[in-house]
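K.L.:
Protein sequence lines correspond, in order, to chains G and D. Per the working numbering, the first sequence starts with residue 1, numbered consecutively. Per the working numbering, the second sequence starts with residue 1, numbered consecutively.
Since the hints were made in silico from the structure, they are not lab data. None of the values given here were measured: they were computed from a predicted structure. Where is the CB? At the ideal position from N, CA and C, for every residue including glycine. You may find that some hints are simply not true.
To be verified - Derived DEER-like restraints, expressed as beta-carbon distance ranges:
1. D:Leu-56 <-> G:Asn-52: 31 to 41 Å
2. G:Lys-68 <-> D:Ser-86: 34 to 44 Å
3. G:Arg-22 <-> D:Ser-26: 27 to 37 Å
4. D:Tyr-39 <-> G:Val-12: 21 to 31 Å
5. D:Asn-30 <-> G:Val-12: 37 to 47 Å
6. G:Glu-62 <-> D:Lys-100: 14 to 24 Å
7. D:Ala-105 <-> G:Pro-61: 14 to 24 Å
8. G:Glu-18 <-> D:Asn-30: 34 to 44 Å
9. D:Pro-40 <-> G:Arg-22: 39 to 49 Å
10. D:Asn-12 <-> G:Asn-51: 40 to 50 Å
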Amino acid sequence: DAGVIQSPRHEVTEMGQEVTLRCKPISGHDYLFWYRQTMMRGLELLIYFNNNVPIDDSGMPEDRFSAKMPNASFSTLKIQPSEPRDSAVYFCASSSTRQGAPSPLHFGNGTRLTVT
Amino acid sequence: AQSVAQPEDQVNVAEGNPLTVKCTYSVSGNPYLFWYVQYPNRGLQFLLKYITGDNLVKGSYGFEAEFNKSQTSFHLKKPSALVSDSALYFCAVREGGGFKTIFGAGTRLFVKA
Chain G
1 DAGVIQSPRH EVTEMGQEVT LRCKPISGHD YLFWYRQTMM RGLELLIYFN NNVPIDDSGM
61 PEDRFSAKMP NASFSTLKIQ PSEPRDSAVY FCASSSTRQG APSPLHFGNG TRLTVT
Chain D
1 AQSVAQPEDQ VNVAEGNPLT VKCTYSVSGN PYLFWYVQYP NRGLQFLLKY ITGDNLVKGS
61 YGFEAEFNKS QTSFHLKKPS ALVSDSALYF CAVREGGGFK TIFGAGTRLF VKA
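Chain D extracted, bound-state conformation (with noise of 0.2 Å):
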C-alpha cells in the first residue's frame, strides 16, 4: 500500500530565505507525486507534479520539488519564502496507473517577516 511521510510538523522560515518542507513517499509502482497547499478555511490547491523525466519539477507561485528515487524523497523548496507563502502544506502520492491518491499528514509553513 502506498504511504506518504511528512517528517515535520511545522517549518519556520524568515522571509527572504530558502526553504525546504521535506516529503517521503512508499508505493509498490512508479509513483505519481504531487504537492498542494491549504489556506484556512479553503480546499487543498494543486501545486506541482512529479510524473517522470527531469527530477526538479517547477509549479506554481516559485515553488519547485526535487524528485530523489534512491531516497523516495520528494522534498518541496522556495528560493526565496514570502510572509504570503505560509500555509499547510501537503505532500501527496498515487501509484502509476491508479486513481488513489493518499496524503501525509501535512507541514505547516509559518514565514517571518
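Here chain G stands alone, though its shape is the one from the complex (with noise of 0.2 Å):
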C-alpha cells in the first residue's frame, strides 16, 4: 500500500499564475477528499468527492479554486489566478465504505503552496 501520493511537495509561484496539485488516493478507495491547512484557519475541508463525483464543494473558498477527479486514481486541485492568500499547505486524503463505517480518513503528505 503505498499511500495516498500527492504532487508536488512544494511549489513556489507568482501571484496571478496558475497551481495545479496532484493526488492519487489509495487504490480501492471510494472517498477523496482535498483540504487545506493555515495556521490561521486550521484545517479547512475545501471539497470531497465520492465515486469521482463531487459531493459537497461548500468549502470552496472562491471561484479561483476548481477540483476534479476524472477517474478513480487522480484528483486535481487547481488554483486559477493565484494569490498570496492562497498560501498553506494542501492535504488530500482517501477513505473506503469497504473498510466498514466509519473508516477514517488516509493523508497524503500534503503539498506546501507559497504564492509570492
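Given two chains presented individually in distinct reference frames, assemble the corresponding complex, making use of the accompanying hints.
P.N.:
And the structure:
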C-alpha cells in the first residue's frame, strides 16, 4: 500500500499564475477529500468526492478554486489565478466504505504552496 | 452543522506522566469521533475512533479516548507520555451516516524528558 500520493511536495509561484495540485488516492478507496491547512484557519475541508463525483464543495473559497476527479485514481485541485493568501499546505485524503463505516481518512503528506 | 472545539492550544507534560488532550463536539445526530496525530511536514495519521458501544476506546501507540455523551466530549489520554508523543493532535467529528469530517484547531503536545 503506497498510501495517498501528492505532488508536488512544494510549489512556489507568483501571484496571478495557475497552480495545479495532484493527488493519487489509495487504490480501492471511493472517497477523496481536499483540505487546506493554515496557522490562522486550521484544517479546512474544501471539497470531497464519492466515486469520482463531487458531493460537497461548500468549502471551496472562491471561483478561483476548482477540483476534478476524472477517474478513481487521480484528482486535481486548481487555483487560477493564484493569490498570496492562497499560501497554505494542501492535503488530499482518501477513505473507503469497504473498510466498514466509519472508516478513517488516510492523508497524503501535503503540498506546501507559496504564492509570492 | 457539526463542529469541534479543542480548548487548549498547547499541552505540556513530563515524560512518564499521564496526558490528556481535550475535545468537545457538536453534531445534530449520532457522532462518529476520531483522533489524528500530525508530525512535522507530514499528513495526519489516524489514532483511534469512536462509533458506538464502550465509552473507552483504545487506539495506536498506547493512546485511548473517553467518550462522554452528556458532556459532548471525547478526550484523548495516555497513561504514560513519551518524548516521541510530542506532535500536533486533532480531534475530528463526522455526523453518523455522512462522510463530511470536520477537524478541531489542533493541540500541540510537548512531552519533556
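K.L.:
Next step is simple, just say for each hint if it's right about the structure.
P.N.:
Evaluated hints:
1. D:Leu-56 <-> G:Asn-52: 31 to 41 Å: 38 Å, holds
2. G:Lys-68 <-> D:Ser-86: 34 to 44 Å: 38 Å, holds
3. G:Arg-22 <-> D:Ser-26: 27 to 37 Å: Distance hint for Arg-22 (chain G), Ser-26 (chain D) holds at roughly 34 Å.
4. D:Tyr-39 <-> G:Val-12: 21 to 31 Å: Between Tyr-39 (chain D) and Val-12 (chain G), where Cβ atoms are some 23 Å apart, the hint holds.
5. D:Asn-30 <-> G:Val-12: 37 to 47 Å: Distance hint for Asn-30 (chain D), Val-12 (chain G) holds at roughly 44 Å.
6. G:Glu-62 <-> D:Lys-100: 14 to 24 Å: With a Cβ separation near 20 Å, Glu-62 (chain G) and Lys-100 (chain D) satisfy 14 to 24 Å, so the hint holds.
7. D:Ala-105 <-> G:Pro-61: 14 to 24 Å: Holds, at about 18 Å.
8. G:Glu-18 <-> D:Asn-30: 34 to 44 Å: Roughly 42 Å apart at Cβ, these two residues keep to the hinted range, so it holds.
9. D:Pro-40 <-> G:Arg-22: 39 to 49 Å: 23 Å, violated
10. D:Asn-12 <-> G:Asn-51: 40 to 50 Å: 44 Å, holds
Hint 9 from the earlier list is the only one contradicted by this structure; the remaining hints agree with it.
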